[in-house]
Amino acid sequence: ERSWVRNPSGAFLCGVCMFSPCLCGFSPGLYGNEGLLPARWQLRYSGKPLLEQLLSFPTLLWLGPQLGLDTHTTMELLCLIGAALSLAATLVEAFRDSVVFFCLWALYLSMYQVGQVFLYFQWDNLLLETGFLCILVAPLTLIRGSRRDREHDRVTFWLVRWLLFRLMFASGVVKLTSRCPTWWGLTALTYHYETQCIPTPLAWFAHQFPVWWQKLSVVGAFFIEIAVPLLFFSPLRRLRLGSFYLQVLLQVLIILTGNYNFFNLLTLTLCLALLDDQHVNFWLRRADELWSWLCYLLELVVWALMIVGTIICFDLQLDTTKNGISSRTAFTFHQFNQFLKTVTIPCVWIGVLSLTWEIITAMFRCACVSGFLKRFCGTIQWTLFAAATAAMFTVSLVPFTYIEYDSNARLWPGVRRAYELVDQYQLVNSYGLFRRMTGVGGRPEVVIEGSNDGVTWTEIEFMYKPGNLSASPPVLTPHQPRLDWQMWFAALSTHTQAPWFTSLIYRLLQGKKDVIELIQTDISQYPFHQQPPAYLRAHRYRYWFTEPKADGSYPQRWWRRIYDEEFYPKVHLGNTFLEGMLNHYGLKDKSPPRRMSNTTLVWAVKWVRSQVRGVPAHILIWTLIVCSAIVCLLQGLRHRTATTVADKGKRNSQNTRKRETLQRKCARPVGGPQTEGCCEQSLANYYRGDIKKVRFPFISF
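Residue numbering for the sequence shown follows UniProt numbering, beginning at 1 and increasing consecutively.
Hints may contain errors.
Below, in silico cross-link-like pairs of lysine to any residue (SDA-like), each with a Cα-Cα straight-line distance of 25 angstroms or less [said to hold, decoys possible]:
| hint | residue 1 | residue 2 |
| --- | --- | --- |
| 1 | LYS513 | LEU601 |
| 2 | LYS513 | VAL612 |
| 3 | LYS513 | GLY586 |
| 4 | LYS549 | GLN214 |
| 5 | LYS322 | LYS513 |
| 6 | LYS322 | GLY552 |
| 7 | LYS48 | ASP589 |
| 8 | LYS48 | PRO58 |
| 9 | LYS322 | LEU216 |
| 10 | LYS570 | GLU517 |
| 11 | LYS513 | SER27 |
| 12 | LYS513 | GLN525 |
| 13 | LYS570 | GLN531 |
| 14 | LYS549 | TRP213 |
| 15 | LYS570 | GLY552 |
| 16 | LYS322 | PRO548 |
| 17 | LYS374 | ALA386 |
Cβ-Cβ distance ranges computed for the label pairs, FRET-style [what the hints assert, rightly or not]:
| hint | residue 1 | residue 2 | range |
| --- | --- | --- | --- |
| 18 | TRP603 | THR623 | 16 to 26 angstroms |
| 19 | PRO569 | VAL352 | 54 to 64 angstroms |
| 20 | LYS606 | VAL631 | 23 to 33 angstroms |
What the hints contain is simulated information worked out from the structure, not anything from laboratory work. Quick reminder that beta carbons are idealized off the backbone N, C-alpha and C, glycines included.
Please construct the entire structure, taking both the sequences and the accompanying hints into account.
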């Protein structure tokens, strides 16, 4: 049996588990009974049977009343169970099982259903789809008790590659179909680094690169996101490996310059589907020399055509006057739309052919299994998993073809009906990141101010989002501060487009501790920690990165800003405007939360919450990840040491048998004194480790 961490599917499962503890985070300030959007508002207990409630609104929070828990405590309990299962699956190989991944998927789906605007991100959909694929990819060891390779493993694991293709190809296409002038003008990255939600310190340095380099980087992004994904299904191994490293390069650069939580780490994990067992083990199999040279030649031709096509499409030329490379988009929107119509359906057929090949090869592997019973069981498994894989692929065609209307309209109506049946479970989703570039005229940022007298105002600084001009951008990956992200979206429009913002103002005026901890984990850093402010208001500013000084030195501040406009008027508790907004959006409690039973389970959940309260989320997450990585490393070293000791013992046993055989041969009374001396010298050579071929008068070794 192979190690499940030394092949792509095993590495994929381990990678998903490694950062899963950070995905089960629960913020009482967001969903608690006194949070911004309490989760209990999403659950309407109508007295229907439990099964009927689960089918109509799939979330395990319906189990709360049966356990004597309110919605708040039930969410905390589910998150703790998810974190414990994730850590167990990371540290113990036996827990990387279909049953465990099903539990993790069900737990996160339960949170997603009541997460409202704070959980409606594309990476949350991506995580749910990836989690469901893990159920198909992982072995069923907790029940069956065996981790041996299954003949259908490559069939189910193919779905991960198809998901990666849909994600990357759609993310590249939507940038051009959106008609965003910055993407078409190749100037998007001149704005991106300072206008993204939460930049890293390296984003400031990346922003200082010359314009020609930023435009060339956009060309590189289009190349990696649109052209390279077509190689994911190449039958030539090195083309797939080349596409893997290009995807890794893009994701690593995004991680270094932006805080996009677990999204890029999850994408890197998906990229493992492009590898094979040989590459994961850093061992390449010998191939026929003629075939190898033909493959090399064909691969060079493919890469050359892709590079030449990129040069033509973006008119890349050396610019000696600026010591750089000039670039422009050399095709029109109509031409790109025609290209999209031409390639969308062929991409689907490429997927069909690739999946068919995997299914057929898996069928032959089943047929080659020795033993009738094993072959019969393998065939049954192959049939079930091949059918499940084909069904998942077929349903995924609906969201994939959203990128081109005519192709989507040509799909069989039965496929659409199947997609509608599973849509609420987020099994397959449409993707398209960074569709349009925002903040072209300066990064909009909402700054909340508080006052006790209505005259002297103090800015309320968030932990992560830009506010203080001198504060360094943070490094948060893989944590996502959900409130800070929504503050970024809110700044792009008016407060009426973000009803939760009124709830934020209301909770801060009330001085709710859970909400304050969303802004500052260390409440002592919150300017109104002793007494809630009597008045609150919000203004919108425009932020830009500062520039290096004329002498090349770095400025003292990271940001500069100018005032834009009022975002939210001055309000206080009981204010007519505030009360009207709360009633309009239904943000006031209409009924008290359910009373909890005073059980051991409730006490345990509260105790765990008290232990982690006050610890910044990104520090807690990295502590879990680092500790898990250290334990995994120690387990690997122990396994390696045990293997080395076992191999050494095996060699010693073999050497002992050889020595005994040698001594018996030397003890034969043949050859007189000359033979005895020869044997003594040969044994001396043997004990010194010189076990080369030794010749005796009577025998040769």
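* Take a quick look at whether LYS48 and ASP589 sit within 25 angstroms of each other, Cα to Cα. => 23 angstroms, holds
* **Pair hint LYS513 and GLY586, alpha-carbon separation not exceeding 25 angstroms** => The hint holds at about 22 angstroms.
* With a cut-off of 25 angstroms on the C-alpha distance, tell me whether LYS513 and SER27 pass. => Roughly 12 angstroms between the alpha carbons, so the hint for LYS513 and SER27 holds.
* Is the hinted pair LYS513 and LEU601 satisfied, with a Cα-Cα distance of at most 25 angstroms? -> 24 angstroms, holds
* **Hint consistency between LYS374 and ALA386 [alpha-carbon to alpha-carbon, up to 25 angstroms]** => Measuring from Cα to Cα gives roughly 18 angstroms; hence the hint holds.
* To do: Given the hint that LYS570 pairs with GLN531, test it: the Cα-Cα distance must not exceed 25 angstroms.
  => 18 angstroms, holds
* Compare the distance between the alpha carbons of LYS513 and VAL612 with 25 angstroms, and conclude whether the hinted pair is satisfied. => 15 angstroms, holds
* Asked: Between LYS606 and VAL631, does the C-beta distance stay in 23 to 33 angstroms?
  -> The hinted range 23 to 33 angstroms holds for LYS606 and VAL631, with Cβ atoms some 28 angstroms apart.
* Asked: Do the alpha carbons of LYS570 and GLY552 lie within 25 angstroms of each other, as the hint requires?
  -> 43 angstroms, violated
* Has the given pair, LYS549 with GLN214, been kept, meaning a C-alpha gap of at most 25 angstroms? -> Holds - the C-alpha atoms of GLN214 and LYS549 are around 21 angstroms apart, at most 25 angstroms.
* Supplied distance hint 54 to 64 angstroms, evaluated on CB atoms of PRO569 and VAL352 -> 58 angstroms, holds
* **LYS570 paired with GLU517 [C-alpha distance capped at 25 angstroms]** => It holds: about 23 angstroms lies between the C-alpha atoms, which stays within 25 angstroms.
Checked against the numbered hints given earlier, the structure breaks hints 5, 15 and satisfies all the rest.
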